[in-house]
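Colleague: Take a look at the letters that make up each chain.
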Amino acid sequence: MKGGAKVVVEKHRHEGIFVARGKEDALVTKNLVPGDSVYGEKRISVDEADGGKTEYRVWNPFRSKVAAGILGGLDNVHIKPGTKLLYLGGASGTTVSHCSDIVGPNGLVYAVEFSHRSGRDLVNMAKKRTNVIPIIEDARHPQKYRMLVGMVDTIFADVAQPDQARIVALNAQYFLKQGGNFIVSIKSSCIDSTAAPEAVFAREVKKLQEDGFKPKEQLTLEPYERDHAIVVGAYRVSKDKK
Amino acid sequence: MSSSLRNAIKRTTHKERSQPADRTRLGLLEKHKDYVLRAKDFHKKEDAIKVLKRKAAERNPDEFYFAMEKKKTRDGVHEERTTEQNKYTEEELKLMKTQDLRYVSLKAQTELKRVQKMKETLHCLGAGIEERKHTIFVDEYSEAKTFKPETYFDTPRELIGRAFNRPKNSQLEDADQLVGVGANEIDYDEEELRKQQERRLKKVAKLNRGAYKMLNEHEERAEQLKSMTVKMALQKEISHGKGVKKKITKKNKDGTVESYFVWKQIRKR
Ligand SMILES: C[S@@+](CC[C@H](N)C(=O)[O-])C[C@H]1O[C@@H](n2cnc3c(N)ncnc32)[C@H](O)[C@@H]1O
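Chains as they are written, first to last, in full-length UniProt numbering: chain A, 1 to 242; chain B, 1 to 269.
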């Protein structure tokens with residue numbers, strides 16, 4: 001027995017995601033580009049049963065709402081190996097990089113971000129991760145990038161804008177396949193800082209329903225974020241299927 | 001002969017005696033000047049003890065001290081004073097007296113940074129389940145009535161509370177559910193492998209507990225330092241702040257006393 005093994009990795013409920021326990025106690029994804037950190041996150045190397053080594057990257061739930069939602073117990077995040085994902089509000093690409101780890105070489109992540117500053121990091125990351133396609137455009141105008149994006153299985157949105165629901169709906173019309181899924185992160189103070197968070201979440205869910213989305217679950221993000229919620233659901237589910 | 005000429009003549013260099021090899025366990029060889037320092041220190045302490053002993057011997061038990069007016073006993077046990085001053089721990093008081101506000105807030109900042117750094121890899125798995133709210137949307141009212149979390153999440157009932165990872169029923173039989181528990185070396189039989197895995201899991205759990213304990217300590221210290229900077233800033237404002245102020249002391253319903261200052265409002269030009 002080798003003495004070096006200080007960590008045990010457990011497969012997560014969601015395919016492609018893992019939990020590392022030991023000196024660390026962390027959500028991790030399998031590094032698509034071994035030996036490379038994207039934003040200074042820690043990497044953990046684990047001995048496989050067959051003697052090989054696998055490298056994982058720590059996914060900080062204090063910085064990523066998807067990670068917080070996963071650790072909070074979402075039933076399904078609809079991001080797994082092979083998924084084609086449209087990510088609205090990619091910022092510098094911290095979460096995008098983990099999504100890229102999960103979807104793997106057979107999946108794709110289209111990351112839309114309108115700030116050129118953050119976009120630069122995103123583009124740099126995409127140089128090493130070929131399954132990430134950075135798009136520096138305003139997500140309010142999907143027609144501008146319709147030539148770049150194909151049909152996707154899942155849309156994730158974290159643009160922190162009051163009209164986020166409309167932005168998601170617009171993009172879904174263009175790119176989301178029928179019966180595809182959506183995940184939106186809602187920061188209540190970004191939408192209405194005077195109303196109670198609960199009321200804001202309910203209003204956003206209502207808006208999504210009006211646009212043909214069918215919410216399945218909603219989860220608040222304590223202890224990682226305050227007054228944030230994630231809503232997950234499906235798009236244009238055909239009546240006979242449900 | 002003049003002294004400068006005498007100095008020009010080469011003399012043998014003076015070599016200091018060092019600790020003999022067989023006595024090296026005693027450390028460096030003590031010289032007279034070292035002895036003098038040690039002896040002075042010893043006598044100083046000796047004198048202090050003598051003075052204290054004499055004071056104790058000559059104490060008059062009937063003598064009156066003003067401090068006695070406020071002293072109390074409860075059930076025959078002397079009670080410490082619980083006024084404002086004693087709100088601080090020994091350690092806090094010492095820091096407050098010896099350091100200034102800037103230093104303490106710097107320390108508070110560093111401690112907070114360290115906590116954040118540690119939390120990058122310690123994700124408090126399993127925490128926050130009481131604060132969190134998970135809503136499942138269903139189509140019919142009847143569905144809500146018959147809702148069973150273990151069926152919805154497709155996981156064993158005991159794992160419903162394990163929000164950070166609720167494995168699906170099909171995953172439980174998966175032999176590779178855990179990675180890194182031990183190499184499948186050929187000469188291991190089933191029994192030995194199981195034992196080895198158990199040992200490793202135990203070791204990992206211990207490391208995990210240790211890491212959280214450390215995080216806890218740093219978190220506590222960060223909290224303490226932060227509250228101290230607030231208190232010290234307030235103290236400073238009270239003792240050095242300009243303007244006319246009034247101290248207001250309020251007794252709460254639960255018996256605790258709260259006091260604060262109100263500054264007289266001055267119209268600024
Ligand atoms: C809260 S941050 C996203 C953080 C990211 N999801 C993560 O976890 O790493 C929101 C980002 O959305 C971007 N954004 C806001 N409005 C946008 C829009 N209309 N189109 C594209 N990006 C937008 C902002 O520039 C910002 O970087």
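Note that these hints are calculated values from the structure, not bench results. Wrong hints could be hidden among the right ones.
List of simulated lysine-lysine pairs, DSSO-like, C-alpha gap at most 30 Å [stated by the list, open to error]:
id: 1; chain 1: B; residue 1: LYS195; chain 2: A; residue 2: LYS30
id: 2; chain 1: B; residue 1: LYS117; chain 2: A; residue 2: LYS23
id: 3; chain 1: B; residue 1: LYS226; chain 2: A; residue 2: LYS11
id: 4; chain 1: B; residue 1: LYS113; chain 2: B; residue 2: LYS168
id: 5; chain 1: B; residue 1: LYS117; chain 2: A; residue 2: LYS128
id: 6; chain 1: A; residue 1: LYS42; chain 2: B; residue 2: LYS226
id: 7; chain 1: B; residue 1: LYS195; chain 2: A; residue 2: LYS11
id: 8; chain 1: A; residue 1: LYS53; chain 2: B; residue 2: LYS71
id: 9; chain 1: A; residue 1: LYS6; chain 2: B; residue 2: LYS148
id: 10; chain 1: A; residue 1: LYS80; chain 2: B; residue 2: LYS213
id: 11; chain 1: B; residue 1: LYS226; chain 2: A; residue 2: LYS30
id: 12; chain 1: B; residue 1: LYS245; chain 2: A; residue 2: LYS80
id: 13; chain 1: B; residue 1: LYS195; chain 2: A; residue 2: LYS23
id: 14; chain 1: A; residue 1: LYS11; chain 2: B; residue 2: LYS107
id: 15; chain 1: A; residue 1: LYS128; chain 2: B; residue 2: LYS213
id: 16; chain 1: B; residue 1: LYS168; chain 2: A; residue 2: LYS6
id: 17; chain 1: A; residue 1: LYS6; chain 2: B; residue 2: LYS246
id: 18; chain 1: B; residue 1: LYS226; chain 2: A; residue 2: LYS53
Colleague: Now tell me if each hint is right for this structure.
Modeller: Cross-check of the supplied hints:
1. LYS195/B to LYS30/A: 28 Å, holds
2. LYS117/B to LYS23/A: The given pair, whose Cα atoms are some 14 Å apart, holds under the 30 Å limit.
3. LYS226/B to LYS11/A: 39 Å, violated
4. LYS113/B to LYS168/B: Violated, at about 37 Å.
5. LYS117/B to LYS128/A: At roughly 26 Å apart (the allowed maximum being 30 Å), LYS128/A and LYS117/B satisfy the hint.
6. LYS42/A to LYS226/B: 28 Å, holds
7. LYS195/B to LYS11/A: 21 Å, holds
8. LYS53/A to LYS71/B: 68 Å, violated
9. LYS6/A to LYS148/B: Distance ~38 Å between LYS6/A and LYS148/B Cα, so the pair is violated.
10. LYS80/A to LYS213/B: Not OK: LYS80/A and LYS213/B at ~34 Å, beyond 30 Å, violated.
11. LYS226/B to LYS30/A: 38 Å, violated
12. LYS245/B to LYS80/A: 64 Å, violated
13. LYS195/B to LYS23/A: Given that 30 Å is the threshold and the Cα spacing comes to 21 Å, the pair holds.
14. LYS11/A to LYS107/B: Roughly 39 Å separates the two Cα atoms, so the pair is violated.
15. LYS128/A to LYS213/B: Status violated; Cα separation ~38 Å.
16. LYS168/B to LYS6/A: With a Cα-Cα distance of about 26 Å, the restraint between LYS168/B and LYS6/A holds, given a limit of 30 Å.
17. LYS6/A to LYS246/B: The given pair, whose Cα atoms are some 60 Å apart, is violated under the 30 Å limit.
18. LYS226/B to LYS53/A: 43 Å, violated
In this structure, the hints that do not hold are numbers 3, 4, 8, 9, 10, 11, 12, 14, 15, 17 and 18, in rising order.
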